[in-house]
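Please model the entire structure based on the sequences and the hints provided.
As given, the protein sequences belong to chains A and B, one line each in that order. Number 358 marks the last residue of the first sequence (my numbering); no jumps. Number 138 marks the last residue of the second sequence (my numbering); no jumps.
Every clue listed holds true.
No farther apart than 30 Å at their CA atoms in a straight line, the calculated lysine-lysine pairs in the BS3-like style are these: (1) A/Lys233 to A/Lys338; (2) A/Lys283 to A/Lys345; (3) B/Lys6 to A/Lys338; (4) B/Lys111 to B/Lys97; (5) A/Lys233 to A/Lys312; (6) A/Lys65 to B/Lys97; (7) B/Lys6 to A/Lys312; (8) A/Lys338 to A/Lys283; (9) A/Lys65 to A/Lys312; (10) B/Lys6 to A/Lys283; (11) A/Lys65 to A/Lys233; (12) B/Lys97 to A/Lys233; (13) A/Lys309 to A/Lys233; (14) A/Lys309 to A/Lys65; (15) A/Lys309 to B/Lys6.
Among the chain B residues that face chain A by a calculated CB cut under 7 Å, a handful are: (16) Leu25; (17) Gln51; (18) Ser92.
No wet-lab data here; the hints were simulated from the structure. Keep in mind that this is a model prediction, so the values were computed, not measured. All C-beta atoms, glycine included, are put in the ideal place defined by N, C-alpha and C.
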Amino acid sequence: MNAASLPLEVEIPFDHRQSAHCESGVISSLLRHQNMPISEPMAFGIAAGLGFAYLPFIKFGGLPLFAYRMPPGSIIRGLTRRLGIEMHFETFRQPAAGMQALDQYLSRGRAVGLQTSAFWLSYFPPDMRFHFNAHNLVVYGKRGNHYLISDPVIDIRVECDADSLRKARFTRGVLAPRGLLYYPRYIPPRLDLPRAIRKAILYTTGMMLHVPVPILGVRGIRLVSRKIRRLDPREEHYNRLLLGHMVRMQEEIGTGGAGFRFLYASFLQEAAGVLGKPGLAVIADELTAVGDAWRRFALHAAKMCKGRMPLDYGLLADALLHCAQRERSIYKQLRAEIKQGPAAFRAPVREK
Amino acid sequence: MKQTEVPQQSARAFLGHSKLLYALDEHGRYAATPCSGWEAEEIVLDQAIAEFERRAADAWQRARQGRGSALEYHMYHRRMDLVLLAQSTGFCKWRVRRHLRPGAFPKLSDRRRQRYAEALGLTPAQLDTLPEQP
Numbered sequence: 007m008n009a010a011s012l013p014l015e016v017e018i019p020f021d022h023r024q025s026a027h028c029e030s031g032v033i034s035s036l037l038r039h040q041n042m043p044i045s046e047p048m049a050f051g052i053a054a055g056l057g058f059a060y061l062p063f064i065k066f067g068g069l070p071l072f073a074y075r076m077p078p079g080s081i082i083r084g085l086t087r088r089l090g091i092e093m094h095f096e097t098f099r100q101p102a103a104g105m106q107a108l109d110q111y112l113s114r115g116r117a118v119g120l121q122t123s124a125f126w127l128s129y130f131p132p133d134m135r136f137h138f139n140a141h142n143l144v145v146y147g148k149r150g151n152h153y154l155i156s157d158p159v160i161d162i163r164v165e166c167d168a169d170s171l172r173k174a175r176f177t178r179g180v181l182a183p184r185g186l187l188y189y190p191r192y193i194p195p196r197l198d199l200p201r202a203i204r205k206a207i208l209y210t211t212g213m214m215l216h217v218p219v220p221i222l223g224v225r226g227i228r229l230v231s232r233k234i235r236r237l238d239p240r241e242e243h244y245n246r247l248l249l250g251h252m253v254r255m256q257e258e259i260g261t262g263g264a265g266f267r268f269l270y271a272s273f274l275q276e277a278a279g280v281l282g283k284p285g286l287a288v289i290a291d292e293l294t295a296v297g298d299a300w301r302r303f304a305l306h307a308a309k310m311c312k313g314r315m316p317l318d319y320g321l322l323a324d325a326l327l328h329c330a331q332r333e334r335s336i337y338k339q340l341r342a343e344i345k346q347g348p349a350a351f352r353a354p355v356r357e358k
Numbered sequence: 005m006k007q008t009e010v011p012q013q014s015a016r017a018f019l020g021h022s023k024l025l026y027a028l029d030e031h032g033r034y035a036a037t038p039c040s041g042w043e044a045e046e047i048v049l050d051q052a053i054a055e056f057e058r059r060a061a062d063a064w065q066r067a068r069q070g071r072g073s074a075l076e077y078h079m080y081h082r083r084m085d086l087v088l089l090a091q092s093t094g095f096c097k098w099r100v101r102r103h104l105r106p107g108a109f110p111k112l113s114d115r116r117r118q119r120y121a122e123a124l125g126l127t128p129a130q131l132d133t134l135p136e137q138p
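See the structure below:
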């Protein structure tokens, strides 16, 4: 199957560190590997990764898509664009060419990031394997027919056989990875963190508050709240699946807890230090409290799915509305906090 | 959420691994904290898997009775549905729907069969056969 791959024995020294989310984890590891330490929360925050979207026209097993973050790919692109880091991205038409290119990078001593499907990775626990095409991982070596992998959502280093990895890299369908392979090509000697942080916070809060579409941001949360309140009680099986699906997107897929809200609060704490704005740490505490409310929602919804609590759509809808209202006030405070400050920072904050 | 409140309910699905959450330490600073499982996540994960298994078992029944094809069973067994199978083979939906019927699938050409086999990670011969148990 894999005639094109070279017999290769190589292991590049790579510091494996577990993270909450695959994309922010991979880019944070790749940058740390090149002596540019950026924590996962910082990477996620500067990438403006936080979000909310309810996309009823994209279906998974007949269920609409709920996203608590910006689309796949936008974390790496957002982070590197705001910091002036240049990435090398490569996709392939032929799987054999993609595997050969991977081997060549490894033999030249370069660890690279890959986009893959989560289903075909042989080291994933079987119950965690679903057809999600935008998983990210780092390959740092090859031993015989096995690739050495630092998968950011897994607590230890893992290995994957060449055939499974080829299949994972070249699945078809929505978000097909087409063998995507990437690494940072150029990192500026000095990174302007404060400027990037300000821009990113304004971008995220603008997205959450002011995008004129009812399915995105805080309005999206309110819309989902309305949808849940109006669920047809006769369709109990579907309703349970829908609630379960929403909780999976919020907690189960690796969000750092509460649909990335804790990860973002951690970013705000770190940003408070970088910008010298203790106000951000106070806002971080409020976001933590909203995260706790999201977790309570998840627990109640899950218990209702299982029948450990009576199905009460009104209760869940109220919980979501509560989250939406508190998030709205948080993003407003954040904007105010960022906009007041030394004039030097205030000038051009327009996003490309 | 404080670090002391991070659930540690050893989820079966994790096989002894843990995932990472962000939680507050005793000084109110965020720190990455391992979590071995949470009942809410376990419930919804079990639910999602059970739904695929239910559909696979139904399809297995139908295929046994000659009212459906083995392909339908393999599709759910690989945690796919009609839309996903269509996307990962490149066939359009109505065509896949046709192939899921018991009459159409055995007449498929070897090249098309190969596309299903590749998408489902099976050999072309396996596509026709049902396991003893769903």
